[in-house]
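J.: Chains as they are written, first to last, in my numbering: chain V, 82 to 647; chain F, 22 to 475.
Check the hints yourself; a few may be wrong.
What the hints assert, rightly or not - Beyond 12 Å from chain V on every Cβ pair, some chain F residues (computed):
| # | residue |
| --- | --- |
| 1 | Phe62 |
| 2 | Val300 |
| 3 | Ser348 |
| 4 | Arg357 |
| 5 | Gln410 |
| 6 | Leu416 |
Said to hold, decoys possible - Straight line, CA to CA, 16 Å or less: simulated EDC-like cross-link-like pairs of lysine to aspartate or glutamate:
| # | chain 1 | residue 1 | chain 2 | residue 2 |
| --- | --- | --- | --- | --- |
| 7 | F | Lys30 | V | Asp172 |
| 8 | V | Lys380 | V | Glu485 |
| 9 | F | Lys76 | V | Asp172 |
| 10 | F | Lys30 | F | Asp94 |
| 11 | F | Lys166 | F | Asp254 |
| 12 | F | Lys119 | F | Glu73 |
| 13 | V | Lys363 | F | Glu438 |
| 14 | V | Lys190 | F | Asp383 |
| 15 | V | Lys363 | F | Asp115 |
| 16 | F | Lys76 | V | Glu487 |
| 17 | V | Lys363 | F | Glu73 |
| 18 | V | Lys363 | F | Asp254 |
| 19 | V | Lys190 | F | Glu301 |
| 20 | V | Lys190 | F | Asp59 |
| 21 | F | Lys375 | F | Asp398 |
| 22 | F | Lys82 | F | Asp68 |
| 23 | F | Lys76 | V | Glu489 |
| 24 | F | Lys463 | F | Glu438 |
| 25 | F | Lys76 | V | Glu496 |
Claimed, not checked - Beta-carbon label-pair distances, calculated as ranges:
| # | chain 1 | residue 1 | chain 2 | residue 2 | range |
| --- | --- | --- | --- | --- | --- |
| 26 | V | Gly90 | F | Glu121 | 31 to 39 Å |
| 27 | V | Trp486 | F | Tyr163 | 50 to 58 Å |
| 28 | V | Leu499 | F | Ile415 | 32 to 40 Å |
Note that these hints are calculated values from the structure, not bench results. Keep in mind the model is a prediction, meaning the values are calculated, not measured. No residue lacks a Cβ here, since even glycine has one placed at the ideal position from N, Cα and C.
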Amino acid sequence: MLIGIDVGGTTTDAVVVDGSKVVKTAYVPTDHDNLLKCLLGALDELVQGIDTRKIERVVLSTTLITNMIAEGKTDPVALVLIPGPGTNPRDYALGESIILDGAIDFRGKEIDRLKESQIKEAASRIKSQGLSRVAVVGKFCQRNHAHELKVGELMAAALPGSKIELGHRVSGQLNFPRRAATTMLTAATIDSYEIFAKDVAAALRERKINSPVYILKADGGTLPLDKSVQMPVETIFSGPAASIMGVMALTDPGQSSVVVDIGGTTTDLALILSGRPLLSAKGARVGSLLTHVRAFAVKSIAIGGDSAVAVCSRNNADEGRGCGSLAVGPHRDGPPLCMGGNGPTPTDALRVLGLSQIGDAAKAEKAMQIVADGLGCTAREAAQKVVDGVVDKIVFEINEMFREWEQEPAYRIWEIMLRESLSAQSVVGVGGGAPPLVPLVAARLKAKAIVPQYASVANAIGAAVARPTLTLNLHIDTESKEYAVAEDGLTGRVTNQKMTAEDAERLARRLLAERAALLGISEYAAEAEVTYSEVFNMIRGWSTVGRLMDVRMEIPAGLLPSWGRC
Amino acid sequence: MSSQGKSGKTGLIFFPAFDWAISPTHPEREERLLYTRDQIFEEGLMDLPQIEEYKPRLAEKKDVARAHFCVPDVEAQVTQAHLIAAGSTLTLADALEKGEIRNGFALVRPPGHHSMRVVHGNRGFCNINNMAIMVEYLRSKYGHKRIAVIDTDVHHGDGTQEIFWHDPDVLCLSFHQDGHTLYPGSGFVNEMGGPQALARTLNVPLPPGTTDEGIHYVLDNLILPVLDDFKPDLILNSAGQDNHYTDPLANMRFSANGYARLNEKLAPDLCVLEGGYAVETALPYVNTGIIQAMAGLDYTHVKEPDYVPGRFEQSPAMVREIEHTVSQVQKIWEQRDELVAQALDGAGDFYRRKRRIFYDTDMINENQEEVVRLCPDCAGYMTITTSAQRGYGILNSAFCVSIPRGACSSCRDDAKEEYAEHLDDRRIGYVLMQDKDRDKFKFYNNMTRTEKGY
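Work the whole structure out from these sequences, hints included.
T.: Okay, here's the thing in structure tokens:
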């Protein structure tokens with residue numbers, strides 16, 4: 082039996098899955114001030130009458146990190162940058178930082194030395210500010226760790242008891258400002274996350290649940306809870322990830338679908354292209370910061386069942402003459418009128434049109450009459466216009482997502498020649514507002530509408546049956562005889578200078594297996610596939626002096642084999 | 022009007038063609054923009070709010086035919102990589118015209134500025150001229166009349182010069198290491214354009230070793246004042262990066278900061294990458310600097326690892342030589358209208374010239390005879406008889422006819438007659454028609470007697 086728990090924005094959903102059957106579901110309202118309590122509340126309700134010894138796996142998705150960042154409750158961090166030549170670091174919106182001399186170039190060569198006295202000065206400044214968490218990030222330090230290590234060492238000596246995060250250990254991908262932001266966020270959340278992880282582990286032990294516990298990441302993969310404490314930021318946006326994995330679990334494989342999660346005030350959109358959820362191109366945006374966190378591309382639009390519907394008169398003279406224009410959202414004035422609220426909402430419109438049975442019919446009629454008065458039409462016509470407005474907005478944003486995906490930059494001839502144009506085969510609805518609206522959206526996109534049977538617990542199911550994901554970016558330089566793994570900054574020596582692309586892929590596979598073992602997900606290492614491989618000859622004068630090779634291997638987001646699809 | 026003072030983002034297309042090379046060890050190979058990629062990606066430039074990255078597209082065959090006579094046809098002369106590089110410039114041109122961006126940089130390869138009007142093969146690493154294709158596109162699609170192309174590559178932009186040789190509305194100004202010491206051996210002050218367009222081609226040959234100071238002298242005292250006079254609708258930069266002091270194929274001493282400052286002052290609407298082969302020591306820094314300058318970002322932090330300000334100094338003799346060249350070109354520019362009047366006075370109805378063109382990359386020798394009608398009512402139609410030899414064999418021969426935009430009916434009729442007369446003439450392989458006025462392009466094969474068009 083598998084357990085999935087999704088701590089969502091308003092409710093915490095939990096589900097027990099056995100093979101491909103949903104055995105039991107549970108809901109509790111989410112308490113943002115005590116996530117652990119509602120998580121355990123849902124769990125306790127769920128496992129009543131269930132033999133906990135039969136539980137094979139527990140997977141959680143949590144809003145802990147998302148909330149900490151959104152509410153500004155992260156720990157303060159001193160950001161220390163070694164930017165070298167290039168962009169003025171003040172042009173990055175990273176907030177306050179300390180800038181150090183020293184530089185590494187794209188080949189990993191030191192081009193400017195560190196100044197020890199400057200580092201010590203920086204450390205005493207950090208001390209005087211009373212900060213005990215430091216993020217040290219250098220440009221191209223993923224190609225040569227020496228500077229970050231040295232600065233880290235000196236900081237640790239000068240600031241006893243402080244926590245120091247180094248950029249190359251957080252991400253080795255190109256993009257210094259994103260690496261700086263990701264490292265900073267890691268330092269700012271790692272302590273709180275660790276406490277949460279320990280509490281969860283202890284609470285499960287108390288309940289005699291001894292199965293492995295995993296956390297869901299933003300890319301739809303699971304990671305053992307005890308390993309996740311090294312990379313707390315990876316767990317951000319695990320809610321949307323859970324809902325996309327849930328849709329994967331509840332629909333046919335290999336499809337191109339749009340996932341439409343319609344809530345009270347927001348609608349989340351995501352794409353599954355030929356069975357693979359679309360990842361955001363370079364990494365997630367977290368608040369105002371761009372990061373390296375691999376995350377599904379999710380677009381949130383401010384429209385939902387509870388969005389306030391208003392009629393704006395075109396000018397003052399027109400007021401009350403029934404020729405205004407309609408606005409739906411972006412804010413919420415309270416619940417729909419048909420459910421005891423004060424103002425008209427899309428939920429009222431759906432009720433009037435008979436598309437849903439939620440709420441009181443007479444009150445819904447009254448809500449739409451308010452709109453109708455402003456527009457100069459009947460209540461039914463007004464309801465139709467409100468629903469059309471919502472559908473228009475959602476369809477527009479879906480088309481934009483496809484367009485943006487098609488317009489993503491490409492750097493090779495074959496990528497440009499092969500980028501086909503895709504359209505949605507199905508529109509899959511999850512969330513409370515989905516059932517009445519999804520068929521309308523699907524009709525406009527000429528796609529099939531799907532509202533799965535377990536749509537309301539899709540998130541929890543997604544968490545329950547998601548498998549681990551793993552990515553490994555390997556960079557090899559046969560001239561300097563070194564290789565580096567982007568994800569954890571692991572480096573090593575290359576002995577074979579005549580290395581071929583096949584040799585590089587073999588090395589990548591070995592390193593991926595080692596990394597999988599380290600993360601406790603060895604059994605999935607064989608699923609890894611090469612998703613990208615390139616070789617550049619380095620020429621000096623007219624002869625080849627070495628090769629630069631890059632290999633990316635991935636275990637993509639997917640479902641446990643035990644989950645037969647419904 | 023230049024991009025200075027306009028608001029909005031800087032459009033960027035980065036197309037390194039990581040899967041295309043002339044040959045494995047050729048300077049124009051896959052690796053060329055690899056370290057540039059590393060640098061600009063690591064800088065996170067594409068994430069900055071001042072910059073918008075665009076996806077390249079393929080140019081259409083018609084876009085190529087608007088600027089070139091490809092013999093025997095466009096398909097035979099281009100690969101997908103060429104169409105993508107050229108298409109990238111068109112994507113940015115569209116974005117600029119739609120007002121999505123205030124300026125743009127097509128950081129693409131393969132380059133193009135040595136490709137001339139007739140194309141039999143690759144010349145100076147170039148098959149088709151990305152810049153010329155963009156200029157023709159901007160004019161035919163958006164109706165721009167006056168365009169200035171400033172060629173800042175270390176090599177003379179001979180292809181672009183040749184394509185606009187007779188066009189008084191396209192100012193081609195190239196500064197470069199002088200032709201005595203560097204490929205393609207041309208670009209002297211006396212190359213000034215055809216009789217109707219004299220002084221709308223300007224060349225500034227510079228001595229080897231010219232530094233930031235020398236190039237900025239040319240910019241401040243010649244290029245910027247000439248642009249003020251010419252008042253182009255658009256300023257375009259053929260942005261080669263081989264004036265850099267580490268370039269292996271040339272001998273100048275320009276720095277990354279010098280390049281950035283040049284682009285800040287020139288404020289081009291669109292930049293297109295040309296050459297530049299110091300793939301590790303120059304390109305990552307120069308490209309970063311140019312992007313920053315175009316986007317209005319601080320570029321003073323860009324510095325080559327071994328550069329110290331004041332590292333290079335020009336000798337007094339070099340300074341005098343540069344000043345002398347600039348004053349010669351200034352004089353040509355001042356006399357532009359008289360030069361045209363003198364040349365046309367008593368020139369007759371047709372202007373003719375014979376040329377030999379060598380394609381260094383493909384080892385092709387081409388012989389051309391060009392005839393332009395000096396028409397009082399329009400730019401005049403043009404014919405080119407061309408034959409290309411490789412080794413001892415004839416490669417291809419063609420008769421090409423070009424009808425200008427705004428052609429008068431007499432030029433149009435005569436041009437059509439010339440085309441018809443050469444059809445099925447077995448001494449000539451192909452007959453080509455470029456009708457820029459109606460945007461129609463025809464290719465006739467005299468051996469198979471078949472015609473196709475774009």
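J.: All hints, please: hold or fail.
T.: Do the hints match the structure? See the list:
no., hint, in the structure
1, Phe62, "violated (4 Å)"
2, Val300, "violated (9 Å)"
3, Ser348, "holds (37 Å)"
4, Arg357, "holds (42 Å)"
5, Gln410, "holds (28 Å)"
6, Leu416, "holds (26 Å)"
7, F/Lys30 x V/Asp172, "holds (15 Å)"
8, V/Lys380 x V/Glu485, "holds (12 Å)"
9, F/Lys76 x V/Asp172, "violated (24 Å)"
10, F/Lys30 x F/Asp94, "violated (38 Å)"
11, F/Lys166 x F/Asp254, "holds (7 Å)"
12, F/Lys119 x F/Glu73, "holds (14 Å)"
13, V/Lys363 x F/Glu438, "violated (58 Å)"
14, V/Lys190 x F/Asp383, "violated (38 Å)"
15, V/Lys363 x F/Asp115, "violated (26 Å)"
16, F/Lys76 x V/Glu487, "holds (9 Å)"
17, V/Lys363 x F/Glu73, "holds (14 Å)"
18, V/Lys363 x F/Asp254, "violated (37 Å)"
19, V/Lys190 x F/Glu301, "holds (12 Å)"
20, V/Lys190 x F/Asp59, "holds (14 Å)"
21, F/Lys375 x F/Asp398, "violated (25 Å)"
22, F/Lys82 x F/Asp68, "violated (33 Å)"
23, F/Lys76 x V/Glu489, "holds (6 Å)"
24, F/Lys463 x F/Glu438, "holds (14 Å)"
25, F/Lys76 x V/Glu496, "holds (11 Å)"
26, V/Gly90 x F/Glu121: 31 to 39 Å, "holds (35 Å)"
27, V/Trp486 x F/Tyr163: 50 to 58 Å, "violated (29 Å)"
28, V/Leu499 x F/Ile415: 32 to 40 Å, "holds (39 Å)"
Violated hints for the displayed structure, listed by number in ascending order: 1, 2, 9, 10, 13, 14, 15, 18, 21, 22, 27.
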